[in-house]
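Trainee: The task is simple: from the sequences and hints, build the whole structure.
The listed protein sequences correspond, in order, to chains A and B.
If you read the first sequence in my numbering, its first letter stands for residue 94, the second for the next number, and so on.
If you read the second sequence in my numbering, its first letter stands for residue 94, the second for the next number, and so on.
Not one of these hints is a red herring.
Pairs count within a copy or across copies, as identical chains cannot be separated in the list.
Quick list of in silico lysine-lysine cross-link-like pairs, DSS-like style, CA-CA up to 25 Å:
{"no.": "1", "residue 1": "Lys-296", "residue 2": "Lys-372"}
{"no.": "2", "residue 1": "Lys-209", "residue 2": "Lys-253"}
{"no.": "3", "residue 1": "Lys-209", "residue 2": "Lys-296"}
{"no.": "4", "residue 1": "Lys-296", "residue 2": "Lys-253"}
{"no.": "5", "residue 1": "Lys-372", "residue 2": "Lys-253"}
Note that these hints are calculated values from the structure, not bench results.
Number of protein chains: 2
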Amino acid sequence: MKPSFISLDWGTSSLRAVLVSEEGAIIEARSAPGGVMAVKDRQFQASLYAICSDWIENCGCPIVASGMIGSRQGWVEAPYLDCPATPATAAQALTTLRISERVDMHIVPGLRCGSKTTMYDVMRGEETQIWGADVSPDSVCVLPGTHSKWVFVDEHLRIKRFATYLTGELYGLLTKHGILGRLMEFGDSDREAFARGATLGLKHSAQASHVLFAARTAALMGEVHPAGLPDYLSGILIGVEVASALAAENVSGDQRIILIGDDDLCCRYEEVLQLAGLKSDRAADGATVQGHVRVAREAGILACESA
Amino acid sequence: MKPSFISLDWGTSSLRAVLVSEEGAIIEARSAPGGVMAVKDRQFQASLYAICSDWIENCGCPIVASGMIGSRQGWVEAPYLDCPATPATAAQALTTLRISERVDMHIVPGLRCGSKTTMYDVMRGEETQIWGADVSPDSVCVLPGTHSKWVFVDEHLRIKRFATYLTGELYGLLTKHGILGRLMEFGDSDREAFARGATLGLKHSAQASHVLFAARTAALMGEVHPAGLPDYLSGILIGVEVASALAAENVSGDQRIILIGDDDLCCRYEEVLQLAGLKSDRAADGATVQGHVRVAREAGILACESA
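Mentor: What follows is the structure, given as structure tokens:
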């Protein structure tokens, strides 16, 4: 297979590089822990060369990148693209950086929705995953993580709007630095405690900053064992997110939710969605690379499939 | 004035000792940073003697204490008293510890409400503040803090029930350890940013873990200056708390809210309550000591006023 471009999924905590063929297939994949936050003194070029200097020098292929690499803390700030957005509108809004005499890096813009009078929301990288995930028209995509995203795709497969939930960040802060974490023991997962937390969170989502306190009182009253507390809190937080999002977005019971992301997290969301009476499907792996292929085709970096 | 008992307000982060006269008046007050969390190797007696060994040895007065000192991490665990609760029921449920040949320390029980099937809620120390704050029947008391409390007092001045909101803890975690804090500059307060955040939080309280993200996007879009972000987030969090509590508890517009606590925090809550269309009053200072006086009278530690 002849290499055509390098796909970079360069997020906050990791860097994944994939050499992609002219047919859009994966020739080779590599990854490194060198996320944007781990790059010191803005040595982005060195981090990139450390993972794939051979590809850059030998093939001279262009690079298509997405994720936090295009943020203010990244290599170069790629302005946000407003919703509704598609691979075609993104292809017209690439931020291009010449990284060597022969090689350009094209950064896919992150997306923005909302307004000054309501609130803005932003994402970087998730838009590419959705474009590569082969979702159906009129889908609701959920991408769990530090900052979970609920993304609404319309009948023309455009990303219409989305909403971020701080679920993963709150879990990390509360367990690592918070008072709730003091009573916790970390180890094996406890599915029963998770389901109990999720049921509570789903029920009291309108009182998020109150219901979180159950992770303290349930421990004080001996209702949840210290080893079950981390999953109990995880359940509460995901329950709160799911019920809040369903209420705010008017998601109906017959709409299928598409989960995109890490396996363990997707399992948790699957379970909570089920408790809320909703069905969900998992997107195929490798969505980011396929998203880059779609944007690269629209931008003419990669020849069209029919060509 | 003749000393009659020592009032101890012994919380997580500070210890306040007051020598109280037979008439219930303050003879002398002292404070130390030696909160329960600062006491090493369970040296509670040494911490207590460091602040008032002279009172203990010279007067031989009993001690009445409340706060986290009665928690599992405190000196001795004082079992929770279930709601509805009054100074009289608390006086019958004191946990007494002999600390010297002549001196007993009586710990006021914390309160518990809720149930296994809903969720439990607990407090330690706030009950004593409320009993000393001279509140009117059928009041709603709000005690802002790390774990804010909304406390409902019935027509017989009993504490009927209450709810905890993690507002202060979330603010601390998000600003000190979270991603939102990275864009912030800390310094003078910014009342306009606070009011904007509060308006947003009040409006979107049912989506707490989403609306918090506005403290990131407003910064990214240049809507709020880095120096205004801490107050913007503070406004969002207090707005979320106030609107959630009002919705959950059916608080009507003609009900007055009584604010008890730290001056700066009470000002913030006053403003947010006003934005929500509610009036509030401040409780007088020194509520804890007066609460101890009431419990001590009911327990016969201090003679009744009429005696």
